[in-house]
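J.: Letter by letter, the chains look like this.
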Amino acid sequence: MKLSILVNEGPYQHQSADTAIQFTKAALEKGHEIFRVFFYHDGVNNGTRFAVPPQDDRNITEQWTEMAKEHNLDLVICIAAAQRRGILDENEAKRQGKDGDNIAEGFRISGLGQLIEAGIQSDRLVIFGD
Amino acid sequence: MKLSILVNEGPYQHQSADTAIQFTKAALEKGHEIFRVFFYHDGVNNGTRFAVPPQDDRNITEQWTEMAKEHNLDLVICIAAAQRRGILDENEAKRQGKDGDNIAEGFRISGLGQLIEAGIQSDRLVIFGD
Amino acid sequence: MSEPWEDDELDGPVRKFMYVNRRAPYGTIYALESLEVVLIAAAFEQDVTLVFMDDGVYQIKKDQNTDAIGVKNFSPTYRALEGYDVEKLYVEKESLESRGLTTDDLVVPVQVVNNDQLAELMEEQEVILSF
Amino acid sequence: MSEPWEDDELDGPVRKFMYVNRRAPYGTIYALESLEVVLIAAAFEQDVTLVFMDDGVYQIKKDQNTDAIGVKNFSPTYRALEGYDVEKLYVEKESLESRGLTTDDLVVPVQVVNNDQLAELMEEQEVILSF
Amino acid sequence: MPMLHTVNKSPFERRTLDTALRHAVKGAGVLLIEDGVYAAFDGTVVAEKVKAALADHKIYVLGPDIAARGMSEHHVIDGLEVVDYGGFVDLVTEYDKVQSWL
Amino acid sequence: MPMLHTVNKSPFERRTLDTALRHAVKGAGVLLIEDGVYAAFDGTVVAEKVKAALADHKIYVLGPDIAARGMSEHHVIDGLEVVDYGGFVDLVTEYDKVQSWL
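Protein chains in written order, with this note's numbering: chain A, 1 to 130; chain B, 131 to 260; chain C, 261 to 391; chain D, 392 to 522; chain E, 523 to 624; chain F, 625 to 726.
Just so you know, the hints here were simulated from the structure itself, not pulled from any lab data.
Any given hint could turn out to be false.
What the hints assert, rightly or not - Below, computed lysine-lysine pairings styled on DSS-like, alpha-carbon distance capped at 30 Å:
1) D:Lys479 with D:Lys463
2) C:Lys276 with A:Lys25
3) D:Lys479 with E:Lys548
4) C:Lys276 with F:Lys682
5) F:Lys675 with D:Lys452
6) B:Lys199 with A:Lys94
7) F:Lys682 with D:Lys452
8) D:Lys452 with F:Lys673
9) D:Lys407 with B:Lys132
10) A:Lys94 with B:Lys132
11) B:Lys199 with B:Lys224
12) D:Lys452 with D:Lys484
13) F:Lys650 with F:Lys675
14) D:Lys463 with D:Lys453
15) C:Lys353 with F:Lys675
16) C:Lys332 with B:Lys155
17) B:Lys224 with D:Lys463
Excised from the complex, chain A in its bound form (with noise of 0.2 Å):
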């Protein structure tokens, strides 16, 4: 089946982008098609690369990034959410004339419509958040 994944919240407050990985891990290893992965809210904090967790504990946004790699993920970062909180990409970064950016590799930032996409093209559209 051809699934997609919404994600609400920031990694580490909430366990929500903690399961998203597990569920997302289970769905490809049972031959399922991600069709693409929507971070929205807070969920687009799981995008930045700047994060250093401690050593002993798991890097969210690093795990997001393997998977990517390995299986060719489209993970997806809604814009209007990553403008009010501080993600941005190089040609958001030149727009927005701000001196860098943040975002972590694998991601790419677009619209909510890609959002209402993965509604329309999907078979199921699971949402992890608080």
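Chain A is already provided as a structure; the job is to place chains B, C, D, E and F on it using the hints.
T.: Only chains B, C, D, E and F this time, still in chain A's reference frame:
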């Protein structure tokens, strides 16, 4: 009186930061001293200069920065919480081998001891969170 | 991968989308950012239904004035939904009543359904976005 | 402004700090980051009391095994608190009972207090940090 | 003075208000802020509980949060006191300490 | 198949489980995850409510979240089914759609 404030949630997702700002303003207007504002948990996300909220809404980080300038406020971001969530100043960026930083003007990064000290030195500690 | 929905608008399937709003406005951002999704979604010409239940009924309470909290008042936007052809707005009866509200308190015309009717309505959907 | 607490450790006043833990572990980070505050606070030699109430009693449930959720298990750290001279640990009786738990289920020895005793204990504090 | 308890959660979704009231000693103050203000109105399923609590506690409610939510101060339960942010500050200084029930 | 309802909140602090159960039609599935798993055990004040719901619904609970919290599968209410993440995925595909009660 000497007051300290603890902010435990990021801007926008919860009202906590807004309430903390209004409370701090009112306390200053009444002549109280704000010993420190400490940002913990997702509260550290109040201190990113990368956010660009919509023009027709408030800019929470700028409100903190302005208040800090005008009233010489001590805005302290917890280093451990900031590392987990990707808030960096120049020092931390260097120390962690990151290629940039995102801390906003008027904020500084320091240890949890600063929260305990605020609890010891202030007449009241008021907590805003989820 | 850029903007593939521009085609979908014309050729894609029409699916039954339901947006379930269960949270009060301002205390958290979910109400506002849910509304932003609904406005974008309108361009996709899907079959859209909005539900306000639990504390979500407070999202469409009349007379919101946010001046003193320093946050943008987004409640007028609900009145614009009709212009986007988003016209199926449901409110749960039990949620209204337990909060002492009636439809006169709301900024937009809505259909009131009870708990069981709402459960059935949810089962008729294809995609449910709950905020 | 750098590290002024190094003096306070020696000269500052001793205040009664209470840490109130009300949330379950892992679902949210509050339990873990509250524990991190308590460990740092120990260096300040204040008069520290920890309370576990509501879902906070689950923080010190025995036998936590987080392998399958991929999150660090921090429950062993509660057993280290004694080494930091954090010895006043209270659990609310009503919170335990409504969840079907007893003190045998907990990783650390605690004093069980009822709702009213806990309310009085809170009133005796000077600083309350609630997570 | 005993302490001030703040409650910022909706009484219809969370048990925070119940917990705060159960742990407030006689004479303690309770301040409703943010989504907590929804507990302050007559005609709801939680109104009786709040009225009963007035026997032991002074209960305050933050006016700016009432207005933001389109609720009316005219419908606030008799005996509750509406305060603004300045009043919030005064309460924090008047009571001995503050417990935020998050 | 009707839909699958997921609940990730503690039944002791939030009313989410109640809301989900009130809106689940006969035959709908309910999956308890994250802090929602605390509803799954015998001997608690919410156990009777969960047992009653078994008359109309299949109720599942996520094993990894049980283990993380130090709870025991032996104390799971009779009739509930413990699943792992793979089982979670299977439920999502078997039921017609998913509603996350956040």
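J.: Quick one: which hint numbers does this structure break? Sort them smallest to largest.
T.: 10
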